[in-house]
Structures are given as structure tokens and as C-alpha cells.
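Following the hints, put chain B in place on chain A, whose structure we already have.
Those sequence lines, one after another, are chains A and B.
Numbering-wise (our numbering), the first sequence opens with residue 511 and increments by one.
Numbering-wise (our numbering), the second sequence opens with residue 69 and increments by one.
Hints were generated in silico from the structure; no laboratory data involved.
Source: prediction; values computed, not measured.
Just so you know, not all the hints are guaranteed correct.
Claimed, not checked - Computed beta-carbon distance windows for the label pairs: (1) R398/B with S568/A: 51 to 61 Å; (2) T583/A with L402/B: 36 to 46 Å; (3) G349/B with G569/A: 15 to 25 Å; (4) G349/B with P516/A: 30 to 40 Å.
Even glycine gets a Cβ: it sits at the ideal position worked out from N, Cα and C.
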Amino acid sequence: MLITCPYCGPRDVIEFTYQGDGNRQRPQPSSQDLDAWNAYVYDRLNPAGDHNEIWQHSGGCRAHLRVVRNTLTHEISSSGFARGDHKAAARHKSEAKS
Amino acid sequence: MAEYSAFSLLKNAFTGNKDWKPAWRKPDPKASYDVIVIGGGGHGLSTAYYLAKEHGITNVAVLEKGWLGSGNVGRNTTAVRSNYLLPSNTRFYEHSMKMWENLSHDLNYNVMFSQRGCLNLAHTPAQFDDYARRGNAMRHLGVDAELMTVAEIKRLVPALDVSGSARFPILGGLMQPRAGSARHDAVAWGYARGADRRGVDIIENCEVTGFLRDGDRITGVSTTRGEIRAKKVALAVAGSTGRVMQLAGIDKMPIESHVLQAFVTESLKPIIDTILTFGMGHFYISQSDKGGLVYGGDLDGYNSYAQRGSLPIVDEVMSEMLALFPGLARVRMLRSWGGVCDMTMDGSPIITTGPLPGMYLNCGWCYGGFKATPASGWCFAWTIAKDEPHDFNAPFTLDRFYRGLVIDDKGQGATPRLH
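Next comes chain A alone, as it looks inside the complex (with noise of 0.2 Å):
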């Protein structure tokens, strides 16, 4: 499996570390919701077909990569910088307070 690094370009798997379900929501380190936190820690989406996932280059430029990958064939349809999202979280954040 080749996963497309957008510093390094295609690379084998094995230069890179598994994170799991990208869809999880880390709520705020002051949060005091329980609820919140256990579905952050336990709770997984699971599905068979398209799956957003988190990756890190550990063995190349140590970037954290969303990719989008197939669980039933393998086929990775997208991968770009996971740090976009935080940008773009921290962008919607401020426009809606403002």
C-alpha cells in the first residue's frame, strides 16, 4: 500500500503510523463532560467502505496526514496535511465568534 505524503510523495506503508478514525472530536482539555470525553477515547467509526482516518510519516517528515482509504479494498482516494482541518476548525471558530 502506498500512501501520498504531500511533502514526500508516494511512499510505502510501513514508513507510516496508523492513528485511527479521524472523525473523532477532541473536546476542550478544560472540559468537565464525561460523555464527551468517552466518546472521544472509546467510541469508533467503524465502517466498510470509505474510512477517514489519520496517519503519521514517523519514518519520513512526521507530518499527520487525513486520508480517505477503502477498508474493503485498500484504495486511497485522498490524503492531504490532518493540520489543514485544525486551521480551518480554528478559522470557523473565530468567524463565529466574531
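Only chain B this time, still in chain A's reference frame:
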């Protein structure tokens, strides 16, 4: 129905093997049942068997999407052991071990259970201490466990590289002498025949495509062979748990599906007469009665519903085998295959009522489901019949994750690929 004896074997040998009877019927599904068990693997079949045998519930259907035993019950490496650290696991798996010891008699079907022992190899002093701790925990609960020295290990498995110059020198090991292996197909067939004889309908090529509901309550299933109603619907679908729960509208579970590969070599003369596990990686090996070495290692490491694996793990497993047995370098690998494992967040299973009314859930076997087959079915049948868990499976709830009651034998945390 099929009966086997020395006489029938001889008779059929002389008549061209034309007169064997099928071991179970091929019934059409009825409109309704008391209990539907989804999944015709080891756990589903043993559940149906114990529902009929222990609780007198015989109006039961087992629905299997493929052919009987086409899933993980025919894909595992057949190890049976109860060498766990935590009491709730040890008690459950030891109950299973005791059932294994009498299973061939109970089913009147030879499952070829062979108690050849399971030896965990230690490669560091800390690991040896850890094994001593686990061995003591096991003995404390009445399970057999013995520490072995290198000299004893050398006598037991002469082919093993026990020299100080091995890649990871062996310092000792923890042996469970009563552990062993069984013929996995025979387990599926024996339970199927036993359940069928007690009136259970085993319906193959019948895939569940949805659930029938009355409000929240599950009242049956729709399948590729029509709608079937039932008072109780029980899931024993292992690697497909995520998919089937999605049909019931539950998207998120404390489970990830991962693929695990297994391998078998060409037949060799007897060389390993126990089950061995490597301590410096994830590797286990035994020898089948046919002579093939049966072995496996780690999960591929990412979510997968494909029943096949990828090459990096093949490479890793082979290197681990050669680290232990350099003499096997020229042995040819015959086959490899993959099975889908339902990995939970703490590495322990789930046998419980719910999560929806009318539904019963048996899942989360990670890669250790085969050894649990008798006890899993026995406990699940109890839970279905009485609407409450037996003491043995009471800790294996679905909500333990949210109540701080996880059963994490390895102390690994909520990273399923590492359990």
C-alpha cells in the same frame, strides 16, 4: 443424520463413499423464531447448541451469510489456552478450557483437542519476572502454569535457537501444560450437527440486510431470503460487527475491524509439539496433525474488512520465525490468508444484552475468539435465555468503557491495533 463409527467408515470405504448423510439439514427459513442467531461461525453455532441443550430453547435459527464456518472459525491458528492475568479473563477462559476438555464427548464429535501446552518465551529478565507474576496470578485461580528454564525449553523444542548468540536470546518461559489446539472445522461441524439435531435451523447463504423494528425494539431481520421475525435477535458476527450494527442504526462502537494474517508451511516431520510464542515481537507457531507449521503474527495495523493481508506483515512474521528457528529458512510456505478481527478498546470481549431492546450482542473477540468458542456460546445462551449475564460474562459489558471498568490484560490503552 450423519453417524460416524469404525463400522460406517469401513462400509463407506467399500461402497465408494456414496452413502454419507449430511451432518445437518438445509431448511428454508420459517416466518418466525424464538431466537435468531446472526452468524454461523463457532460462536453462533455454539450459542444455538447451548440454547437448545441447556435452556430447552429449540425454536432457533442460525443465519449465515456464506457457508457454515467460512469466517474466522476456519481462519484462526487453533490455539486454546487460558493464560491470562486479570481474574475476569482468567475465570472465563478457564471455564472455556474445562469445556474444551470434554467437548468431543459432549458433541460426540472428535474435535481433535490436543493438550500439547503453550509456551511463552521470555527474552529479558523483566519479561521473565512479568511471566512469573502472570503464572502466579493464574495458579492463584487454579489454572496450571509453570516457569521453564532454558535447559527445559531446549529439551522440549530442540529446533529452537536457545544459544546466547540468537538475535533475542531466550532466558526462560511460561508454560501452560493444559493449553493446546483443536481442529477448527470439526468444532464448527460438531456444534452444527449437535444444534441441528436438537431442532435448530441452520440457514446458510442468508445474509442479514436490515433489522425489523417496533419503535426501538428489534423484532426480526430482513435477509436475502426474506423477512424473519423473532422475539430475540442475537449477534455473533465477529469482524462484521461494525457493519451489522450499522444496519441497526448504531454507527459508533468501541470496536475497530482489523485484518490478521495466518500462514502454513508444507508438511514436515514432527518438529514442534507444543504452541510457542515469541516474546520480542508478536509471533506464535504450532504444528498441525498433517505436519504443516501453522503460524502468525501481528495485525496489519489499520482498519480493514478485506479478508486478505499485505506484504510488510508477511515479511515481519517470516523474520520472527527465523529469529527463533534459523533451521526453517528453507521450508516453503504453502498458504496464507486473512481474517477480520473485531478489536475492542481494551482487548477483551463483549457478551451482553442490548444495546437495543430485543437485541443481544456477542463481539469484540480481537484475535482470541477460537479458544473461547465453548464458553462464549454457553455464556451467550445463558444471557439470551435469562436476559441477564452469567457470572462468567458479567464483566464483559458494552458500557464498561464508559464506567471505568475496562479489562485491559496487556495494559495497552484504547489503541486496538496494539492489543
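Next on the checklist: Output the indices of the hints that this structure fails to meet, ascending.
Outcome noted: 1, 2
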